[in-house]
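A.B. asks: Build the full structure now, drawing on both the sequences and the hints.
Protein chains: 4
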Amino acid sequence: MEPHPFHPVMEHAFTIAIELTGLQWVTPTALGDTRAGVYAAEGTITGPLLQGKVIPMSGGDFPLVRPNGVIDFDARYFLQADDGAVIYMQNRGFRWAKTPEIAEKMARNEDVPADSYYMRVSPKFDAPAGPHEWMSKHMFVGVAEKVPGANRIHYFVVR
Amino acid sequence: MEPHPFHPVMEHAFTIAIELTGLQWVTPTALGDTRAGVYAAEGTITGPLLQGKVIPMSGGDFPLVRPNGVIDFDARYFLQADDGAVIYMQNRGFRWAKTPEIAEKMARNEDVPADSYYMRVSPKFDAPAGPHEWMSKHMFVGVAEKVPGANRIHYFVVR
Amino acid sequence: MEPHPFHPVMEHAFTIAIELTGLQWVTPTALGDTRAGVYAAEGTITGPLLQGKVIPMSGGDFPLVRPNGVIDFDARYFLQADDGAVIYMQNRGFRWAKTPEIAEKMARNEDVPADSYYMRVSPKFDAPAGPHEWMSKHMFVGVAEKVPGANRIHYFVVR
Amino acid sequence: MEPHPFHPVMEHAFTIAIELTGLQWVTPTALGDTRAGVYAAEGTITGPLLQGKVIPMSGGDFPLVRPNGVIDFDARYFLQADDGAVIYMQNRGFRWAKTPEIAEKMARNEDVPADSYYMRVSPKFDAPAGPHEWMSKHMFVGVAEKVPGANRIHYFVVR
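Protein chains in written order, with this note's numbering: chain A, 1 to 159; chain B, 160 to 318; chain C, 319 to 477; chain D, 478 to 636.
Zero decoy hints are in this set.
If you only want the chain B side, here are some residues facing chain D, beta carbon under 10 angstroms, derived:
| # | residue |
| --- | --- |
| 1 | G191 |
| 2 | D192 |
| 3 | R225 |
| 4 | P226 |
| 5 | N227 |
Honestly, the hints are just simulated from the structure, not real lab data.
We treat Cβ as the ideally placed atom computed from N, Cα and C, and that holds for glycine.
C.D. replies: Here it is, written out as C-alpha cells:
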C-alpha cells in the first residue's frame, strides 16, 4: 500500500529516563475518576537533539485513573539542558494494559513486555529563547517503556 | 541509518476538512499574547476509521498568537459519526510560517504551499462507549493543510 | 461573631444575561463523566463596571456532567464592551440541585427557585490593554440564576 | 447603599499556611511570559471546616509571570485531613504589587503589608466520597497573605 501523502515525518529527538517517587491517591473518589500523584526523583536526557537531566523533585504527574482503567496523564516538571537552560515540560497521554492479567501485574509494579500495554504521550515545552526555542514550536510524540518505579520515554519531534 | 527501535507506528485514521467562519480578536492585549476565536461552520470526516461530519457551529478554536508569531491552538467542537454517535474533540497544536513572506500571505488569508509552514496538532476525544471508544484511549497526530478560510487535517493514530 | 479579618471584599461588577442554544451530548460515555455542549446565542451585559453584549455564537459551554449529578462548567466565549473592546471570557464552576425533585425539574428545563440549586462560577478574562485591562488581573465570583434556556449571572470582583 | 440581592455569601472554611522551597525559572522565555516553579515543603490546615496538613513535596505552583508583572498561578498539590483523607487541590489566581516599589521588595522576598499587593485565588478540589465530598462541589475564594518564603491563604466557601 502506498504511504499516505501526509504521513507524519517523525525524528527521534531525545529519550528521558526518569525515576519516580512517592505516590498519592484520592480514594474512594466522588468524581468517578481517581486522582493520583507521583514525583520525578531524578532522570537523564540523552539523544541527538537534547542532553541533560530532569531537575530532581521539580514536579511530577497528577493523572486521572478512569473507571475503564485508562490512566490519563497530566505531568509537569522541569528539564535542564547541558548548557544550563531550564525547560518546562507539560505532558498528556494515556497508559492502559492490553489484558486484565497485564493490568494486575502493572498495578503490582511488576515488569511486563513493552508490547503488552499502551503508553504514549504528547508533551509541550516552555523553552527559553535561544538554541532550545524550537522545542516550544514543535509537536512531539513519546513512546514509553514502563519499568517498575520508573519509565523511559522516547520522544520524536513531528517534522 | 537504522530506524529507532521505538519509532512510533502511525496509521491514517481519518481526515477532517473544515470550513471556518467568524473571527474574534482581543487586541491590543495586555497579556503579551493575543487571543482569537474562529468557528466551525461545517466539515466532513472521511477515512478508514471514522466517517461523518463536524456538527455545524458546535464550537471552534480559541488560539493564542504568541509574540514570536506562533499560533498556539486551543480548539474544541463536536463530531458526528455516520452511525449517529457524537464525539467531543479537543485539539492542541502549533502553526507558524517558515518565512516572513509566507507569514504575510497567511495573514492575508492567501494560499501557500503545504511545505512553507508548520501546522501540526494532537487531539483528544471524549467518545461514547461502543465502537468509537478506542478514540478516547489513543493518542493522535494531525498534519494540516491550511487553505484560505478552511483547513484539512489528516489524523494518524499512534499505535 | 466577628467577621474574619481577611473576609473577601466583593463588589458587584456586572451581570450577564445570556440566551443559550443548541445542545450536544456524548452519551453513553466511556469516561464515567458525560460531556455536553451548549452555545451562546446572545446576551447583554449591564452593571457599574462593564456594559455591552455577548458576541452571538462566539463560543459556549462544554461542561462535564459528573456521575454524582454535579455539572462542572468549562465555558469560553467573547464579550464586547460598549466602547467596542473585545474581551475573552473563560468560566469554571459548578451547578447541582439540592434535591432529586429539583434535579428532575432542571433536567426538564423547568423554572425552579434560585435557592433550590447551587450555581456559582469563577471566570478569567483576556482583556485588551486600556480601560478594561483590570479585568485580566482580578478574580471574580459569579452567582447564577438559572432560567429555562437561559441564565443570568451576577459577577462580583474580589477586591 | 443596599447590598446587591445576589451578593455572594462567603464563609471562612480553612486557612492553609504553606512553606515553599526551590525555585525554577525558564528565562529568557521565547513566549512573552516567564514560567516558574516553586514547591510545597510543608504546611498546616486550620479552620472550622478542614484541619490537617499539606503533604510535603506533593506538588507546587507552576505560575506564568506576565509581561505586565502579574503572576498567574497554576498550583496543584495534595492535602491530608486529620481523618486521613487525601484531597487534591488545583489553584488558579493572581498576584501583583500595587506600586513598583512594592514589586521590587516582593522580588527580593522582603516583607510587605497585606494591603500593598493583590493576591487572590480560586481553588478546585478532588475530594474522596465521604465527609469531605462537599469540597468537590463548591466554589472557593482565597485571600492570601504573602510572607517571605511562605504564604498563608484564607479560604472562603461560596455558599
